[in-house]
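Could you build the full structure based on these sequences and the hints that come with them?
Just so we're aligned, residue 15 is where the sequence shown starts under the working numbering, counting upward by one.
If you're looking for bench data, these hints aren't it; they were derived computationally from the structure.
Treat the hints with care, as some may be off.
[As the list claims (entries may be wrong)] With a straight-line cut-off of 27 angstroms between C-alpha atoms, the simulated DSS-like cross-links for lysine-lysine are:
#1 LYS106 / LYS78
#2 LYS182 / LYS163
#3 LYS81 / LYS103
#4 LYS106 / LYS180
#5 LYS81 / LYS64
#6 LYS100 / LYS136
#7 LYS19 / LYS50
#8 LYS50 / LYS62
#9 LYS163 / LYS106
#10 LYS136 / LYS161
#11 LYS215 / LYS161
#12 LYS62 / LYS81
Nothing here was measured: the structure is a model prediction, and the numbers come from that model.
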Amino acid sequence: MDKGKLYALFIDLSQAFDSIVHTLLWNRLVEEGLSKQLIDLIKDIYNKAKTQIRGKQGLTGFVKILKGVLQGETLSPTLFTIYIDKIVKILKNSKVKGINMHGANIKILLYADDMVLVATSKDDLQNMINILVTYFDENNLKVNLDKTKAIIFSKNGRHKKTDILKWKNMPIENVQSYTYLGIPFQSTGIFNKAKDHFMTKARVAQTNLFELLWKARIKDIRKAVMLFDSLVGSILT
15 MDKGKLYALF
25 IDLSQAFDSI
35 VHTLLWNRLV
45 EEGLSKQLID
55 LIKDIYNKAK
65 TQIRGKQGLT
75 GFVKILKGVL
85 QGETLSPTLF
95 TIYIDKIVKI
105 LKNSKVKGIN
115 MHGANIKILL
125 YADDMVLVAT
135 SKDDLQNMIN
145 ILVTYFDENN
155 LKVNLDKTKA
165 IIFSKNGRHK
175 KTDILKWKNM
185 PIENVQSYTY
195 LGIPFQSTGI
205 FNKAKDHFMT
215 KARVAQTNLF
225 ELLWKARIKD
235 IRKAVMLFDS
245 LVGSILT
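The structure is reproduced here in structure tokens:
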């Protein structure tokens, strides 16, 4: 473990939902134990799926969708999660170390296509990256390196010149802050930037609320409080 440091890689996937290979997805559904009847039903939906493309000459004829999950379809987020979830199992079964939280060895955080790798040493994080590279290559997933960033959390928020992580042979930029799921993270581990960010959003929401109350002539205090909790309080909690 590198004393007092926590290494994190925030990964930006390039066109993640459009990159799903259907044959690989069907295999993942089988591995997860879904019934043949259900898998055949999903296959049938995708085999019949068509789309049109709007260009300078107007709409094209209907074309078959050969890759990716269907946009706007309620099952798509679940199918994507199943497709990508295998990397969690691969990392869990690997010998690389993540961070210990209440006895659990955490190596990866996932929310849809928002992904973070975490470790307490540069070598462990680099080994995780190498595992991910292989997995992505095998599953037609691509990383946007321009938006993929590393943060080395420490008390002073600094990193050494030798603290360079690589995706294949390409260096990954170390940054002082990164916004993940709408929350700004700083390399010092202090959330001043996040606090200022949400306070600013709350003030804007409060101003808009007062304008709404005035225009709508809302005088019922209970309704006003409910609106405040919904529009302003939700930002701060």
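So, going through the hints one by one against the coordinates:
| no. | hint | in the structure |
| --- | --- | --- |
| 1 | LYS106 / LYS78 | 37 angstroms, violated |
| 2 | LYS182 / LYS163 | 15 angstroms, holds |
| 3 | LYS81 / LYS103 | 24 angstroms, holds |
| 4 | LYS106 / LYS180 | 21 angstroms, holds |
| 5 | LYS81 / LYS64 | 11 angstroms, holds |
| 6 | LYS100 / LYS136 | 23 angstroms, holds |
| 7 | LYS19 / LYS50 | 47 angstroms, violated |
| 8 | LYS50 / LYS62 | 18 angstroms, holds |
| 9 | LYS163 / LYS106 | 22 angstroms, holds |
| 10 | LYS136 / LYS161 | 20 angstroms, holds |
| 11 | LYS215 / LYS161 | 24 angstroms, holds |
| 12 | LYS62 / LYS81 | 13 angstroms, holds |
Against the hints set out earlier in the document, violations occur for numbers 1 and 7.
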